[in-house]
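Work out the full structure: start from the sequences and follow the hints.
The residues making up each chain are set out below.
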Amino acid sequence: MTVYLLRRISQSFLVLVAMSMIVFIGVYAVGDPVEILISPDADQMERERAIQALGLDLPLWEQYGVFVWRALHGDLGRSFVYNEPALQLILQKMPATLELAFGSMFISVLIGLPLGMYAGLRPESPGSKMIMAGSILGFSLPTFWVGLMLIMVFAVQLGWLPSTGRGETAYFLGLQWSFLTANGLSHLIMPAINLALFKISLVIRLTRSGVRETMLMDYVKFARAKGLSPARVTFVHVFKNILIPVVTVVGLELGSTIAFSVVTESVFAWPGMGKLIIDSINVLDRPVIVAYLMIIVLMFITINLIVDLLYSALDPRVRLEGKA
Amino acid sequence: MTTTLEVRNLRTHFFTRAGIVKAVDGVSFTVGRGKVMGLVGESGSGKTVTGFSIIGLVDPPGRVVEGEILYQGRNLATISEEEMRHLRGNRIAMIFQDPMMTLNPVLRVDTQMIETVLAHEKVSKEEARQRARDALGMVGIPSPDERLKSYPHQFSGGMRQRVAIAIALLHRPELIIADEPTTALDVTIQGQILAEVQKLAANTGTSLIWITHDLSVVAGLADDIAVMYAGRVVEDGPVSEVLDRPLHPYTHGLIGSVPSRNKRGEPLRQIPGMTPSLLKLPAGCAFRTRCPRADEACLADQPLRALLPGRQARCIHPHLDEVPA
Chain E
1 MTVYLLRRIS QSFLVLVAMS MIVFIGVYAV GDPVEILISP DADQMERERA IQALGLDLPL
61 WEQYGVFVWR ALHGDLGRSF VYNEPALQLI LQKMPATLEL AFGSMFISVL IGLPLGMYAG
121 LRPESPGSKM IMAGSILGFS LPTFWVGLML IMVFAVQLGW LPSTGRGETA YFLGLQWSFL
181 TANGLSHLIM PAINLALFKI SLVIRLTRSG VRETMLMDYV KFARAKGLSP ARVTFVHVFK
241 NILIPVVTVV GLELGSTIAF SVVTESVFAW PGMGKLIIDS INVLDRPVIV AYLMIIVLMF
301 ITINLIVDLL YSALDPRVRL EGKA
Chain L
325 MTTTLEVRNL RTHFFTRAGI VKAVDGVSFT VGRGKVMGLV GESGSGKTVT GFSIIGLVDP
385 PGRVVEGEIL YQGRNLATIS EEEMRHLRGN RIAMIFQDPM MTLNPVLRVD TQMIETVLAH
445 EKVSKEEARQ RARDALGMVG IPSPDERLKS YPHQFSGGMR QRVAIAIALL HRPELIIADE
505 PTTALDVTIQ GQILAEVQKL AANTGTSLIW ITHDLSVVAG LADDIAVMYA GRVVEDGPVS
565 EVLDRPLHPY THGLIGSVPS RNKRGEPLRQ IPGMTPSLLK LPAGCAFRTR CPRADEACLA
625 DQPLRALLPG RQARCIHPHL DEVPA
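Chains as they are written, first to last, in our numbering: chain E, 1 to 324; chain L, 325 to 649.
Treat the hints with care, since some could be wrong.
Claimed, not checked - Within a straight-line C-alpha distance of at most 20 Å, the following computed EDC-like cross-link-like pairs (lysine to aspartate or glutamate) qualify:
no. : chain 1 : residue 1 : chain 2 : residue 2
1   : E       : Lys-221   : L       : Asp-434
2   : E       : Lys-240   : L       : Asp-434
3   : E       : Lys-221   : L       : Asp-422
4   : E       : Lys-221   : L       : Glu-407
Claimed, not checked - Here are the computed distance ranges between Cβ atoms for each label pair:
no. : chain 1 : residue 1 : chain 2 : residue 2 : range
5   : E       : Lys-240   : L       : Glu-620   : 51 to 61 Å
6   : L       : Ala-624   : E       : Lys-240   : 51 to 61 Å
7   : L       : Glu-451   : E       : Leu-216   : 28 to 38 Å
8   : L       : Asp-383   : E       : Met-299   : 39 to 49 Å
9   : E       : Met-149   : L       : Gly-343   : 46 to 56 Å
10  : L       : Glu-451   : E       : Leu-314   : 28 to 38 Å
11  : L       : Gly-544   : E       : Arg-319   : 35 to 45 Å
12  : E       : Arg-212   : L       : Ala-526   : 38 to 48 Å
13  : E       : Gly-134   : L       : Ser-601   : 34 to 44 Å
Don't read these hints as lab results, they were simulated from the structure.
We put the CB at the ideal spot given by N, CA and C, even for glycine.
Okay, structure coming up:
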């Protein structure tokens, strides 16, 4: 187990290094931030000074070297635009995105699992057919449109829920969170549901096919032959087996939700990381883009590690070994 | 002879899109107390479905459409699912064919055994564990205490089948339906398991329905035998008599197909043709198309009729004339 963890961590480090190079070169290739950041009226002297101040006069490999050296000291550079440390900028926005992502994940599992189980256990019933038809809608309706419709109905017409912002926040672990206040929670609900819609459908379909597959297994029939109650067969024998694919997909989805919830954040003016990264790309704020992507890579690595650990907890046949 | 189970005219049909599959079509037999009943036939002859029909585990689109399954004066074909559940694993247990698939891979052996105890009896978890451990010991699993904490994948195939047998024995059932439980195992393991089961049945007075396609297994184990073909019993009787003097040409062919040392060097004998599809059975005797003795008379449906004392066969041209080999 320890060997396994050490091995995984060293692998992760290599991935981080490789990613940092790709990201750095990629961002360098996208365009020259000088053109956007410095006013066109500026004279040559001012331009030179600005370029030097931003470190853009150095050749690429030197810029990368400086970045790595600073990164090793916990400094991912300063934003060109806000003149604040990029890391701090991102971390400020992070709680908003995290609570949105986790909220939507929570909703999708809470709704998707039971509906998927039902649809899998009674595939022929009208209820299941409705669930499956609904899941197609969840897959195919564009997020931004559903978001706008939600605002139309629940914010504009019914006036039940606020449509923009995070509302009141409360401090927890030194960060601001909306879900801790009633007002903040009411702000969180709509964007979280909006973001969850696709994932609910995903979880439903995954659970349903898992249940249908597992129900045909000999061990389920044997469990029934032992005279176990239907509830025990379903919730212990079947449920534990379908959790494995669900955990994988939910893990991967969580990562991409955190990284790419841009659309929902824009529609609901949710001040999260997604909005920050889009703004930063627009003005070619290199340090923020690079720092953001590094954080996202790190997050994916961590989530994958957690998923693997969960695997071994769920499926005893999976052994975490030092030797691959 | 007291009877544990009597099956009368059982019909289990599957209602598929391609048509009605009469997997079991009028099967009758009785199992005496403490007796081993061998249910023999090729794949698709309906022997497994017969087993599932008795224990009430025929899944849609299949259904028991007719017949009686009499157990202690009750007809298992008509009792409620809840009543049936109390019998399953308790009074009537089942062992499946493939031991690699019968245990849930993500649950520990103790979980799977204890839940079986608790499903039918209100005992403490500790007592249930004791019972599970004793059952493992009974089927010859060394250091049962440790093995209880293992997962199924940590056992070999033979050991897993022993676990499945131990689970079947937990409530000292009156009837165990064993669906080819040794088919997937090595011959040596097969022998051990057979000996184990025989001993247990003799000690506990448990009756067995042993479903198999392997005549040599039945020869050593069963008291009575019923040979199935295309959903019907074509011949039954005491095992030694049936094997020594088969009446139905199908049984005859089956026994002839067993390779033996005396026939070394000769081409192996076989029954020509294939098992007919249950969707389009030939009219009359289903074996007619493969039978060397068939003629026009076989176009009519044959009832199972008594030909010798204690012996029945479904055939107009039985092998009555032959001197036993």
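Evaluated hints:
no. : hint                              : verdict
1   : E:Lys-221 / L:Asp-434             : holds, 18 Å
2   : E:Lys-240 / L:Asp-434             : holds, 16 Å
3   : E:Lys-221 / L:Asp-422             : holds, 12 Å
4   : E:Lys-221 / L:Glu-407             : holds, 17 Å
5   : E:Lys-240 / L:Glu-620: 51 to 61 Å : holds, 60 Å
6   : L:Ala-624 / E:Lys-240: 51 to 61 Å : holds, 55 Å
7   : L:Glu-451 / E:Leu-216: 28 to 38 Å : holds, 34 Å
8   : L:Asp-383 / E:Met-299: 39 to 49 Å : holds, 44 Å
9   : E:Met-149 / L:Gly-343: 46 to 56 Å : holds, 49 Å
10  : L:Glu-451 / E:Leu-314: 28 to 38 Å : holds, 29 Å
11  : L:Gly-544 / E:Arg-319: 35 to 45 Å : holds, 41 Å
12  : E:Arg-212 / L:Ala-526: 38 to 48 Å : holds, 43 Å
13  : E:Gly-134 / L:Ser-601: 34 to 44 Å : holds, 40 Å
The structure is consistent with each of the numbered hints, conforming to all of them.
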